[in-house]
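Sequences and hints are given; from them, build the entire structure.
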Amino acid sequence: MSRVRIYVTYKPSVFDPQGATILDTIQTALGHQEVSQVTVGKFFDLTLPAANLDASVKEIAEKLLVNVNMETYRYEVLEEAE
Amino acid sequence: MSRVRIYVTYKPSVFDPQGATILDTIQTALGHQEVSQVTVGKFFDLTLPAANLDASVKEIAEKLLVNVNMETYRYEVLEEAE
Amino acid sequence: MKQAMTPEEIKERKPYLDWSLSEKEYDYISQKLLHRLPNYTEVGLFSAMWSEHCSYKKSKPVLRLFPTKGERVIQGPGEGAGVVDIDDGQAVVFKAESHNHPTTVEPYQGAATGVGGILRDVFSMGARPVAILDSEHFGEIKADPVMRYKLAETVKGVGDYGNCMGIPNLGGETFFDACYQGNILLNAMCVGLMETKYLEQGNASGVGNSVMYVGADTGRDGIHGATFASADFSKEHETQRSAVQVGDPFMEKLLLEACLELIQNHREWIVGIQDMGAAGLVSSTAEMATEGGAGMELNLDLVPQREGGMSAYEIMLSESQERMVICVKAGHEADVKEIFDRYQLHCAVIGKIIDQPRYILHHDGQVVCDLPVTSLTSDVLEQPGEEKKPARLNQPAAKWEPVVKDAGAILRQLLAQPTLADKTYITRQYDSQVRTNTLVKPGSDSGVLRVRGSHKAIAMCADTASRYVYLDPEIGGQRSVVEAAANIVASGATPLAITDCLNYGDPNDPEIYWELHHSVMGIAKACEVLATPVVSGNVSLYNENDGQAIYPSPMIGMVGLIKNYDHTIPMKPQNLGDYVYLVGDLTDNFAGSELQKLLTGKISGALDQLDLAKLHRTMEQLLKAEQTGLVASCHDLSEGGLATAASEMLFGTGFGLKLQVPGPISQLFSEPAGSFLVTVAKEKAASFTKQVPQARLLGEVTNSHRLEITTDDQVLNQNMNDLEKIWKEAIPCLMKSKA
Amino acid sequence: MKFAVIVFPGSNCDIDMYEALHTVLGVEVDYVSYRAESLAGYDAVMLPGGFSYGDYLRAGAIARFAPIIPAVKKMAAAGKLVLGVCNGFQILTEIGLLPGALKQNESQQFVAETSTLLVANDQTPFTHKYQVNQRLAIPIAHGEGCYYADQTLLDELERKQQIVFRYVNNPNGSVNDIAGICNEEGNVLGMMPHPERAVEAILGSADGLGLFQSMVEKQVQA
Ligand SMILES: Nc1ncnc2c1ncn2[C@@H]1O[C@H](COP(=O)(O)OP(=O)(O)O)[C@@H](O)[C@H]1O
Ligand SMILES: [Mg+2]
Numbered sequence: 001m002s003r004v005r006i007y008v009t010y011k012p013s014v015f016d017p018q019g020a021t022i023l024d025t026i027q028t029a030l031g032h033q034e035v036s037q038v039t040v041g042k043f044f045d046l047t048l049p050a051a052n053l054d055a056s057v058k059e060i061a062e063k064l065l066v067n068v069n070m071e072t073y074r075y076e077v078l079e080e081a082e
Numbered sequence: 001m002s003r004v005r006i007y008v009t010y011k012p013s014v015f016d017p018q019g020a021t022i023l024d025t026i027q028t029a030l031g032h033q034e035v036s037q038v039t040v041g042k043f044f045d046l047t048l049p050a051a052n053l054d055a056s057v058k059e060i061a062e063k064l065l066v067n068v069n070m071e072t073y074r075y076e077v078l079e080e081a082e
Numbered sequence: 001m002k003q004a005m006t007p008e009e010i011k012e013r014k015p016y017l018d019w020s021l022s023e024k025e026y027d028y029i030s031q032k033l034l035h036r037l038p039n040y041t042e043v044g045l046f047s048a049m050w051s052e053h054c055s056y057k058k059s060k061p062v063l064r065l066f067p068t069k070g071e072r073v074i075q076g077p078g079e080g081a082g083v084v085d086i087d088d089g090q091a092v093v094f095k096a097e098s099h100n101h102p103t104t105v106e107p108y109q110g111a112a113t114g115v116g117g118i119l120r121d122v123f124s125m126g127a128r129p130v131a132i133l134d135s136e137h138f139g140e141i142k143a144d145p146v147m148r149y150k151l152a153e154t155v156k157g158v159g160d161y162g163n164c165m166g167i168p169n170l171g172g173e174t175f176f177d178a179c180y181q182g183n184i185l186l187n188a189m190c191v192g193l194m195e196t197k198y199l200e201q202g203n204a205s206g207v208g209n210s211v212m213y214v215g216a217d218t219g220r221d222g223i224h225g226a227t228f229a230s231a232d233f234s235k236e237h238e239t240q241r242s243a244v245q246v247g248d249p250f251m252e253k254l255l256l257e258a259c260l261e262l263i264q265n266h267r268e269w270i271v272g273i274q275d276m277g278a279a280g281l282v283s284s285t286a287e288m289a290t291e292g293g294a295g296m297e298l299n300l301d302l303v304p305q306r307e308g309g310m311s312a313y314e315i316m317l318s319e320s321q322e323r324m325v326i327c328v329k330a331g332h333e334a335d336v337k338e339i340f341d342r343y344q345l346h347c348a349v350i351g352k353i354i355d356q357p358r359y360i361l362h363h364d365g366q367v368v369c370d371l372p373v374t375s376l377t378s379d380v381l382e383q384p385g386e387e388k389k390p391a392r393l394n395q396p397a398a399k400w401e402p403v404v405k406d407a408g409a410i411l412r413q414l415l416a417q418p419t420l421a422d423k424t425y426i427t428r429q430y431d432s433q434v435r436t437n438t439l440v441k442p443g444s445d446s447g448v449l450r451v452r453g454s455h456k457a458i459a460m461c462a463d464t465a466s467r468y469v470y471l472d473p474e475i476g477g478q479r480s481v482v483e484a485a486a487n488i489v490a491s492g493a494t495p496l497a498i499t500d501c502l503n504y505g506d507p508n509d510p511e512i513y514w515e516l517h518h519s520v521m522g523i524a525k526a527c528e529v530l531a532t533p534v535v536s537g538n539v540s541l542y543n544e545n546d547g548q549a550i551y552p553s554p555m556i557g558m559v560g561l562i563k564n565y566d567h568t569i570p571m572k573p574q575n576l577g578d579y580v581y582l583v584g585d586l587t588d589n590f591a592g593s594e595l596q597k598l599l600t601g602k603i604s605g606a607l608d609q610l611d612l613a614k615l616h617r618t619m620e621q622l623l624k625a626e627q628t629g630l631v632a633s634c635h636d637l638s639e640g641g642l643a644t645a646a647s648e649m650l651f652g653t654g655f656g657l658k659l660q661v662p663g664p665i666s667q668l669f670s671e672p673a674g675s676f677l678v679t680v681a682k683e684k685a686a687s688f689t690k691q692v693p694q695a696r697l698l699g700e701v702t703n704s705h706r707l708e709i710t711t712d713d714q715v716l717n718q719n720m721n722d723l724e725k726i727w728k729e730a731i732p733c734l735m736k737s738k739a
Numbered sequence: 001m002k003f004a005v006i007v008f009p010g011s012n013c014d015i016d017m018y019e020a021l022h023t024v025l026g027v028e029v030d031y032v033s034y035r036a037e038s039l040a041g042y043d044a045v046m047l048p049g050g051f052s053y054g055d056y057l058r059a060g061a062i063a064r065f066a067p068i069i070p071a072v073k074k075m076a077a078a079g080k081l082v083l084g085v086c087n088g089f090q091i092l093t094e095i096g097l098l099p100g101a102l103k104q105n106e107s108q109q110f111v112a113e114t115s116t117l118l119v120a121n122d123q124t125p126f127t128h129k130y131q132v133n134q135r136l137a138i139p140i141a142h143g144e145g146c147y148y149a150d151q152t153l154l155d156e157l158e159r160k161q162q163i164v165f166r167y168v169n170n171p172n173g174s175v176n177d178i179a180g181i182c183n184e185e186g187n188v189l190g191m192m193p194h195p196e197r198a199v200e201a202i203l204g205s206a207d208g209l210g211l212f213q214s215m216v217e218k219q220v221q222a
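Protein chains in written order, with the UniProt record's numbering: chain A, 1 to 82; chain B, 1 to 82; chain C, 1 to 739; chain D, 1 to 222.
There's no promise every hint is true.
Have a look at the derived ranges for each label pair, beta carbon to beta carbon [claimed, not checked]:
| no. | chain 1 | residue 1 | chain 2 | residue 2 | range |
| --- | --- | --- | --- | --- | --- |
| 1 | B | L30 | C | D88 | 55 to 65 Å |
| 2 | A | D45 | D | H22 | 47 to 57 Å |
| 3 | D | A40 | A | R74 | 35 to 45 Å |
The calculated lysine to any residue pairs, modelled on SDA-like cross-linking and capped at a C-alpha distance of 25 Å, are [claimed, not checked]:
| no. | chain 1 | residue 1 | chain 2 | residue 2 |
| --- | --- | --- | --- | --- |
| 4 | C | K682 | C | G652 |
| 5 | B | K42 | B | H32 |
| 6 | C | K69 | C | L199 |
| 7 | B | K63 | D | A201 |
| 8 | A | K42 | B | K58 |
| 9 | C | K156 | B | K63 |
| 10 | C | K14 | C | V367 |
| 11 | C | K142 | C | V105 |
| 12 | C | K736 | D | E106 |
| 13 | C | K456 | D | E106 |
| 14 | C | K337 | C | V207 |
| 15 | C | K728 | B | T21 |
| 16 | A | K11 | B | K63 |
| 17 | C | K389 | C | R64 |
| 18 | A | K63 | C | Q181 |
| 19 | A | K63 | C | V146 |
In short, the hints are calculated from the structure, not lab data. We treat Cβ as the ideally placed atom computed from N, Cα and C, and that holds for glycine.
If you want it as structure tokens, here you go:
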């Protein structure tokens with residue numbers, strides 16, 4: 001079994017109102033002017049067999065977890081086990 | 001400047017309906033019976049100066065990004081630069 | 001900035017063809033309008049401004065058929081939204097807009113930004129948006145998980161935007177048919193209220209006055225949205241879809257409050273205001289200048305930008321959401337800015353009104369565009385389409401006679417059809433009560449909203465009758481208006497006016513142009529007879545997928561007035577023992593009905609002519625009865641006919657109906673236009689039938705919670721609890737299915 | 001008695017609250033901007049529903065930094081009545097005036113309908129006009145209304161009778177069917193349902209009136 005983490009973020013040109021609002025809050029309300037950029041993303045940790053990992057993850061990500069119109073993703077294997 | 005990634009997840013005791021729904025969809029609609037667990041989280045990538053990193057991140061996370069009643073977080077430095 | 005191609009290269013390589021500008025148009029622009037070759041930026045502006053979405057070059061000749069004037073019409077088509085007088089210095093402001101292509105590609109954001117866009121149209125007139133309606137057409141969801149996903153996301157998009165803005169959803173429709181499998185329809189309608197004295201227009205004039213930009217920063221979102229929406233939607237376009245527009249309802253809420261504060265408290269500071277919709281900055285500014293008969297000079301370096309390195313072309317065509325343009329009187333720029341600053345919105349002077357009728361753009365220290373203003377707007381070459389009567393209409397199929405062996409079984413099946421089934425799955429995701437004026441929530445014939453501080457209410461609905469329009473565009477067009485009017489009248493309101501969204505396939509196909517033309521003729525005729533002028537609207541063409549067009553689907557949004565909201569008529573029976581009347585007729589023509597679709601899997605046949613004058617007379621009589629307190633409840637017959645309407649009246653009540661309906665049982669499923677079931681207290685029966693002479697007594701309200709209808713050949717006798725279960729569970733069940 | 005209705009950027013039930021108090025109950029009430037720093041002169045504070053700051057991040061999370069918040073906390077500490085409805089409830093948990101948190105609805109869908117509430121505690125300044133176990137028809141409209149508390153907190157809330165309203169048909173997955181809770185002192189109430197939408201029979205229900213009448217009477221006695 002492998003544990004895989006899939007990271008999903010907006011494509012760079014897609015407007016992210018949530019990120020913009022959070023950055024503004026950090027800078028003005030919290031006074032952390034030194035923070036210059038915030039991007040927000042989601043991640044999904046999946047447990048699945050190591051065989052065929054790449055194909056499975058690709059299918060699950062592109063068919064379900066990722067909105068390919070506006071998001072991109074990448075994944076990494078967190079740990080492998082029997 | 002550093003780029004920091006803060007991971008936020010529900011505490012283990014908090015039920016996450018989203019993870020359960022996604023797992024169900026993966027197994028039944030996508031037919032990936034072999035996937036056995038899904039957890040979902042958010043992450044925030046912040047760009048900020050390397051000085052005082054730990055204190056700043058802690059403050060921003062605990063005051064804003066995380067609701068400590070139901071969520072936990074950890075962070076890692078993605079890259080360091082001048 | 002360097003232009004990507006020289007004017008000569010453009011002439012030679014014709015990149016504009018990909019942007020839906022024809023060679024004929026290009027030549028006309030160069031030879032007749034400019035007397036020179038346009039540069040790259042200019043060609044881009046032309047291709048967007050001359051797209052159907054902005055210019056209506058194909059549909060304009062047809063739209064002229066609409067009646068647009070009426071005693072109460074303050075502002076007809078041509079502005080952000082139509083404005084209709086509702087007495088006491090108040091007006092109702094409304095418009096509908098399609099967002100079909102964006103919603104097909106990216107349902108959540110497409111639907112959300114569809115709602116956002118129509119709200120801006122209404123508040124840019126100086127009105128406060130008070131209600132949202134949504135007309136949604138999907139493909140069949142039974143065997144199509146992708147369609148279920150699109151439905152779920154579309155509904156979430158409509159809901160999230162309106163809920164966040166705090167504007168109640170007062171109704172709409174949700175229709176399913178295989179013709180929308182590759183191209184779903186999402187039409188959003190917004191209704192606003194205003195004091196007539198605050199009426200604003202989208203114009204810019206007065207040499208030296210400033211052009212100000214407010215709201216969200218400009219990014220590369222939806223570039224070519226306008227031309228994209230005007231081009232056939234085929235597989236090829238799936239690669240173009242990174243430029244999705246993302247809605248920010250929070251910013252829009254701030255923008256709404258800031259704009260209304262400006263208009264209501266400081267009207268004298270401004271000349272005009274307009275939202276940035278399709279083709280963004282170029283369309284809004286060029287239209288404002290045209291409207292005001294002025295010239296305009298803009299410096300694009302001053303436009304607030306979210307991304308670096310945007311070209312002039314990208315800045316002008318960006319469809320980033322939540323932005324407005326305001327023409328501000330010289331000297332008041334700082335005053336205006338102060339208001340927007342207070343709402344933490346960006347606000348910048350980006351140009352001014354000049355004394356020659358030109359449209360001049362500066363970018364990176366260069367003049368990138370210098371055109372006569374009207375060349376972008378009113379000089380567009382109108383292109384009435386070629387027309388040909390569709391082959392299917394030359395020989396309509398023979399009249400179809402349904403065989404109804406077990407009416408109960410048929411009714412149960414009908415109630416489970418997603419088009420007829422309970423829509424609570426959808427409406428429950430929409431806040432319909434926020435701002436506490438909602439008298440009738442979605443689920444009845446019309447949504448009804450109190451006008452706070454008065455005894456008035458407004459009723460509203462959105463209706464499409466695409467199957468009927470498909471079988472006969474002209475009669476179908478009439479039916480769409482009659483259906484909307486019936487919904488308004490059923491709620492006790494006097495129809496005032498309509499808005500529309502004309503959703504069709506590729507108008508270059510002569511058969512589709514014919515459909516467009518003839519259905520508009522039908523709509524126009526019905527509007528004339530029913531005295532409901534067209535005050536605003538929107539056209540969405542090229543609704544095709546791989547060459548397969550949707551049914552012609554004109555959506556009618558109607559608004560009505562209730563002078564005393566105590567006379568709002570509920571849909572559900574109120575008292576045991578009340579009489580039940582049929583007002584209007586049943587019919588033996590089943591062409592286009594839900595029954596025909598259920599039993600044969602398709603629709604066919606010719607439609608009967610409507611007697612519009614008679615329908616109008618009946619509705620007026622019924623209205624009078626409602627307004628004098630004679631009617632206890634009323635529901636019009638639509639999809640699924642009398643049997644379905646009667647069931648809908650009983651759901652959620654403990655009542656039953658015991659009726660005697662002359663004729664064969666099949667007629668209980670016929671779908672006559674403009675017929676009603678009405679319940680009336682016995683002691684008012686005589687006055688009612690005097691007022692509505694053609695009302696036919698069918699029976700009465702019982703407490704058995706059964707629907708019992710005796711006809712000439714069969715008895716229908718159904719337990720309402722069973723029917724309600726079927727009706728309620730149909731959509732949730734389909735949405736959950738794993739197939 | 002004078003009420004303050006706080007208006008945050010993105011509040012949208014502010015007018016509903018105002019109208020319920022002003023037009024229906026006929027009491028004195030003002031809108032107060034989130035930028036204000038004092039609530040001197042007011043006897044009760046209402047945090048209305050809506051989407052403050054778009055509910056980006058988490059509902060109520062950003063409103064916590066608004067300039068008015070210290071004044072709200074001061075009112076609570078002084079024993080004045082503080083009511084948070086919907087987004088207002090979310091804000092009260094985020095600023096720590098009420099324990100626990102509100103998560104996304106279990107269905108992961110926004111839900112708007114009329115819910116039936118049971119009065120669980122009729123001894124608070126907000127509910128003394130009701131009877132325990134009385135059923136109230138009150139509209140709900142929220143996407144993040146699933147109340148969460150861990151077992152220890154839950155036990156404590158039950159023991160101290162801080163649960164004020166429960167749902168008859170739990171619409172969102174809240175633990176112990178919780179629809180509204182108060183603080184230990186009883187002067188701060190947070191609830192997801194909208195009593196201000198249930199003050200006129202023509203709009204569907206007037207069952208929320210008792211809550212506002214309770215507040216007004218309490219104040220008169222005090
Ligand atoms: N997408 C939707 N959004 C809001 N309300 C809807 C939607 N779809 C259906 N409804 C509501 O459900 C009810 C039934 O719709 P429909 O069958 O189209 O009514 P009618 O036949 O009277 O036009 C109406 O009150 C309508 O407003
Ligand atoms: Mg109807």
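Next item on the list: Just pull the numbers of the violated hints for me, sorted ascending.
Entry: Violated: hints 3, 7, 9, 13, 16.
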